[in-house]
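Undergrad: Same order as they appear, the protein sequences are chains Z and B. For any residue, its number in my numbering is found by taking its place in the first sequence, counting from 1, and adding 384. For any residue, its number in my numbering is found by taking its place in the second sequence, counting from 1, and adding 6.
Hint data in this document are derived by calculation from the structure and do not stem from the laboratory. Fair warning: there could be bad hints in the mix.
Partner residues aside, some chain Z positions facing chain B, computed with beta carbon under 10 Å [to be verified]: (1) Glu530; (2) Arg533; (3) Met535.
Beta-carbon label-pair distances, calculated as ranges [what the hints assert, rightly or not]: (4) B:Leu249 <-> Z:Arg389: 52 to 62 Å; (5) Z:Ile529 <-> B:Ser71: 18 to 28 Å; (6) Z:Glu526 <-> B:Ala137: 24 to 34 Å.
By construction, the Cβ of each residue, glycine as well, lies at the ideal position given by its N, Cα and C atoms.
One-letter residues, chain by chain:
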Amino acid sequence: MSRLRPLLIALGLLAAWQALTWATGVPPYILPDPLRVARALWGRADLILPHAATTALEILSGLAIGTALGSASALLLAASRRAREWVLPMLVVSQALPVFALAPLLVLWLGYGLPSKVAMAVLIIYFPVTAAFFDGLRRTPEGWIELARVMDARPAAILWRIRVPAALPAFASGLRVAAAVAPIGAIVGEWVGSSSGLGYLMLHANARMQTDLLFASLFVLCLMALFLWYAVDRLLRRFVAWPSEPLHPI
Amino acid sequence: MRPADPAPAVHLEVERLAFEGRTLMEGLVLDLPAGRTTCLLGPSGIGKSTLLRLVAGLLPGAVRSASDGLPLEGRIAWMAQSDLLLPWLSVEDNLLLGFRLRGVRGAELRRARERARELLGRVGLAERARALPHQLSGGMRQRAALARTLVEDRPIVLMDEPFSALDAITRYRLQDLAAELLADRTVLLVTHSPLEALRLGHEVRVLDGAPARLGPPLRPQGAPPRTADPALLALEARLLEELAGAPRPTLGAVA
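Please model the complete structure; the sequences and the hints are all you need to start from.
TA: Structural data, given as structure tokens:
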């Protein structure tokens with residue numbers, strides 16, 4: 385039953401949608417019924433798929449670069465007191481800036497192509513990854529560090545063999561958030577200015593009253609986002625397979 | 007299990023140690039006899055763990071020396087109240103943590119691994135070498151922590167209430183095991199249990215007062231681990247009285 389539940393929920397929502405369009409007689413350019421969207425999805429797959437590939441590339445590149453930059457920043461902040469004193473306040477203040485407001489600027493600076501969208505996704509991903517990982521690095525149970533010191537560990541060994549693995553559950557939380565918000569960054573970037581991608585296709589379809597195509601693109605985007613989140617979650621469960629809290633209070 | 011290097015006596019002097027303006031210790035001297043187990047008792051908050059951390063070199067503020075004149079660094083192993091097993095490492099890899107942290111490789115690491123396997127057998131965990139810590143019971147984890155302390159094969163061993171989180175029966179068995187495996191090392195065992203101190207200690211010291219002072223050494227008869235016979239239990243009762251605030255002079259006369 386629990387396996388069937390998502391399917392049943394999806395079917396129920398589709399049925400409600402279909403019923404709504406029948407009952408209200410709303411014209412298809414306002415709200416197309418599910419069958420029409422399915423036909424658009426099937427019939428225009430050759431149009432949708434290349435755009436989906438563009439968006440997927442933007443999301444994955446953004447996720448990879450954002451995660452790499454975020455992890456590196458968290459490690460730098462954890463390892464250097466000076467970095468904490470100088471960089472941390474800037475990082476916090478930078479979050480007061482709405483990232484979406486930067487999108488037009490990024491397009492102006494980096495052009496209509498891939499780089500501005502990747503940059504947008506990176507900007508969105510960077511902070512949750514940095515904050516979560518750095519927080520994890522700061523919260524290493526003191527007992528583990530003391531044990532390592534009595535064992536004559538070098539500071540680098542304490543960082544790589546104790547503090548980093550101990551912070552992985554927190555890092556994993558950050559990465560899950562990043563996987564969930566990465567598509568937003570890419571789509572917003574595409575809306576501001578682009579010549580391909582699902583966001584571009586949606587705007588294009590919207591302007592031409594091809595609402596069924598818009599919904600079909602949206603559906604593909606949702607599938608991609610769900611798949612990304614699921615893949616990241618599976619990967620993290622596999623590699624961070626221990627309880628995130630110490631077994632005993634330390 | 008004898009240590010590879012002979013265990014020295016350890017001498018510690020605290021001139022003055024204050025915390026937030028309050029003097030914790032002043033003019034305190036602690037001597038740990040070579041190859042013997044010294045048990046440290048005292049009311050909670052008196053500074054037993056602080057004293058142990060001073061010996062471990064985890065806290066500044068004390069002068070430490072060994073009877074053989076060699077530095078103490080690299081000769082101390084530490085076991086805490088919680089097992090401190092790293093949850094992402096298997097039991098065997100937890101035992102080898104010290105070697106990994108020191109960057110030991112090759113033949114030396116292989117020897118350490120053999121020793122770790124032997125010790126896992128001694129503490130009854132040979133079958134669980136590949137298990138992760140959260141798959142073990144509390145008693146098993148503390149046995150693994152004991153084995154990790156011994157894999158280090160260091161002549162001086164500091165134990166901070168290592169068995170206090172365990173149930174009475176598991177604790178009793180682990181005390182026997184620890185006494186057997188820690189023989190011939192210089193051991194400082196901090197405990198809040200007079201019975202544990204009397205079972206395991208060649209010398210029992212009481213830390214009390216403000217600023218904290220060490221009472222004279224109490225030396226129960228016979229070699230540890232002692233069985234909890236009526237004589238030992240009577241001694242436990244007296245120690246409890248003393249710790250609960252009864253007049254001090256009775257203690258020296260007991261031994």
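Undergrad: Let me make sure I understand: some of the numbered hints might not hold for this structure. Which ones are they, in numerical order?
TA: none
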